[in-house]
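S.K.: Given the coordinates of chain A, work out where chain B should sit on it, guided by the hints.
There are 2 protein chains.
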Amino acid sequence: MAVGPATFPDKMHPVAGFKLGTASAGVKTPGRKDLVIMEVCEGSSVAGVFTKNAFCAAPVQICKQHLTQAATRYLVTNTGNANAGTGDEGYADAISVCEAVAKETGCDLAAVLPFSTGVIGEKLPVEKITTAVPAANLALTETGWDDAAEGIMTTDTRIKGSSRQFKYAGKTVTLTGISKGAGMIKPNMATMLAYAATDAQIDSELLNQLLTDAANCSFNRITVDSDTSTNDSCMLVATGKSGLVVSKEEHELYELFSSELNALMQQLAHAIVRDGEGATKFVTITVDSAASQSEALSTAYDIAHSPLVKTALFASDPNWGRILAVVGRVGIEELNLGALEIFLGDVRIVSQGGRDPGYTEEAGQAVMDKEEILIRVVLNRGSFSETVWTTDLSHDYVSINADYRS
Amino acid sequence: MAVGPATFPDKMHPVAGFKLGTASAGVKTPGRKDLVIMEVCEGSSVAGVFTKNAFCAAPVQICKQHLTQAATRYLVTNTGNANAGTGDEGYADAISVCEAVAKETGCDLAAVLPFSTGVIGEKLPVEKITTAVPAANLALTETGWDDAAEGIMTTDTRIKGSSRQFKYAGKTVTLTGISKGAGMIKPNMATMLAYAATDAQIDSELLNQLLTDAANCSFNRITVDSDTSTNDSCMLVATGKSGLVVSKEEHELYELFSSELNALMQQLAHAIVRDGEGATKFVTITVDSAASQSEALSTAYDIAHSPLVKTALFASDPNWGRILAVVGRVGIEELNLGALEIFLGDVRIVSQGGRDPGYTEEAGQAVMDKEEILIRVVLNRGSFSETVWTTDLSHDYVSINADYRS
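From first to last, the protein sequence lines are chains A and B.
Residue numbers for the first sequence follow the working numbering, beginning at 1 and rising by one.
Residue numbers for the second sequence follow the working numbering, beginning at 1 and rising by one.
Hint data in this document are derived by calculation from the structure and do not stem from the laboratory.
Since the model is a prediction, treat every value here as computed from it, not as a measurement.
From the three backbone atoms N, C-alpha and C, an ideal C-beta is built for every residue, glycine too.
Incorrect hints may have been included.
Label-pair ranges, simulated between beta-carbon atoms [what the hints assert, rightly or not]: (1) B:D213 / A:K64: 45 to 51 Å; (2) A:A291 / B:G382: 31 to 37 Å; (3) B:T212 / A:K370: 44 to 50 Å; (4) B:Q65 / A:T360: 29 to 35 Å; (5) A:A291 / B:T68: 27 to 33 Å; (6) A:P30 / B:E362: 50 to 56 Å.
Heads up, simulated DSBU-like pairs for lysine-lysine below, C-alpha to C-alpha not over 35 Å straight-line [stated by the list, open to error]: (7) B:K52 / B:K33; (8) B:K167 / B:K64; (9) B:K52 / A:K370; (10) A:K248 / A:K33; (11) A:K52 / B:K370; (12) A:K52 / B:K52; (13) B:K103 / B:K241; (14) A:K11 / A:K128; (15) B:K167 / B:K103; (16) B:K167 / A:K370; (17) B:K33 / B:K11; (18) A:K52 / A:K248; (19) B:K370 / A:K28; (20) A:K370 / B:K123; (21) B:K28 / B:K64; (22) B:K241 / B:K64; (23) A:K11 / A:K103; (24) A:K123 / B:K370; (25) A:K52 / A:K28; (26) A:K128 / A:K33; (27) A:K64 / A:K28.
Anything over 10 Å on all C-beta distances counts as not near chain B; from chain A, calculated [claimed, not checked]: (28) C56; (29) A82; (30) I95; (31) E99; (32) G121; (33) E371; (34) T387.
Looking at chain A on its own, in the form it has when it is part of the complex:
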């Protein structure tokens, strides 16, 4: 189950200097594509943002270290096992996987970044993975995006990708990316897993800043079930092969690139929400005219996490009282109930401290019957606005998460 038509592009534009190779290691399910190696050409910049969960998984710890120690040449990802909560043994296992890639490709250990996703707390089957490394390496190709999108899936029901091009000064810049994730989704500075590459040339410092900004308007604004994963990682590679240099001095190109990158990341993030576990609705929650950014964001997230709001969304029930009850419990100081407005789509459902006089159940029902729903709360106390994206809470969410390990 997923919301709306598939959003994976017909054409994933290759990024010169960036190759992807996918193989089956049988980590959890024999024959399933579950190992992806990505090769970054020499001279590339690589940026990453990672989970803020204190129990960040062994591969996340190693990624952070390796990024400071060497120029990255390879990213290796397995699904089926998160290698999280696995202590010192998990750390050694992730290093073993990096070693296998370094040996196979002839690069330094620190030039390899490891990623894992899947069940938490079980030992990584290192040998299965290292055995499949040569096959993934052999498969490396610049047109490997579709296979890789499949190779990083866990409970996802759809592959997720986005690809964009724009022209500047007679040259074409390409941005292409893939993501995965469906549950344990409330990214904090990153998403489950996302990889994007561009052929623009961008120095590492600027690339990190661009990635952080893009994550803050995409992956850091989505939630399926409020749980931040131990393995969230979001990577951005700039190969420089287009011959265009993005820098703050070249203002027009910078703005253009930044806007295209944000759009790419939002598409990848929204694809995760649309494929949220058990999702039947894609819900945009906007809080307008708040007194502060944090007030807007916490109000939006509290609505997005309310089981009562989420089950009403699942039932297509315009039960606006539940939205109002959440706004009331957020803890906004000196909230003026009379000034508050709540909209479902274009329909105003709350004003003057109660049900809007012009509201009809039919109008609310018409909005709720759709697959894509906008909930907009107008606090009328300031100039700050935030938007988050989420899903409903369905029987399938319970089934998927009650059965996942069995």
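M.R.: Frame of chain A; chain B shown alone:
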């Protein structure tokens, strides 16, 4: 569905000076007991704690006002309609109900406290209620607890009550109470609805303090679904008819009474969790040796609210990685992963930053198969401890809340 055997006592000891009368007003369902009047004898003290939701319902607003204006003589409760989010009209409607009770009983308007529970945002059917007031008034009796426990139910599947007696200086003190609530349960300074009475004599100021303390170790430590209701109210009446005066000067009696009151309120609060919407598990979550009270409490609540932990509980799946992931995302500063321990019942599942070396899946499974489960997190960073009680997240929770208004 509810967890464990019914906990309603065989014998609800009457409290001298406190009567309850129940009738059918047909607010939502014809013939259902949905109107309860309680009569407080002259000279009683009455204390209340109420929801902190900014959208507190009209009856809650009036309760707070009336408590400051007159000695309370009557409490009137309807179910089937919360009279919340109803603006000025809702306020006038609640006053109309109070007026009907005042007229029927010959007391002042401000001596009547109104309570409503049920669906939010729909107009209160005042005439149905006022028409049934004489019947409820005629039914007033000191043995009316059982009927009243039924009369305040909404989605509850069980009546909830507790009754205790203790002797002091040759006299018997009685404490008896009822509660209701199953969904939209994360009380903040009070519960959905709870009413308790004692025949001890206690001045209003002390009664308020005793009630606040009792709520903080009972109703303010339970959560079903993290949503704080607009109508939570918890009332405590002291009629004084036992002839015993509880005061801080009489230290031994004070401690005895306080301990009995806390036990009563915990039983009423636990009854709400056991009857939580769709609940199949009764879960105690204790966080020990935290650096502060708020750190212990927020960690416990975050575990209690995690949909992934709750669905694992529903599946009786010892998926300890999900608990560990929550502890990691709470945001505890400088958390020492190596010192952390997590227990399921008596079984240590996490130590030294990963799965406990002695842990076996069988041992974890044996704990999770039970209906009553203890999750204990030991942070080993200070001396503060907190306990909250919650439920699992089941298919029935989704069904109940997706169907509630239809």
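S.K.: Which numbered hints does this structure break?
M.R.: 6, 10, 15, 16, 28, 29 and 32
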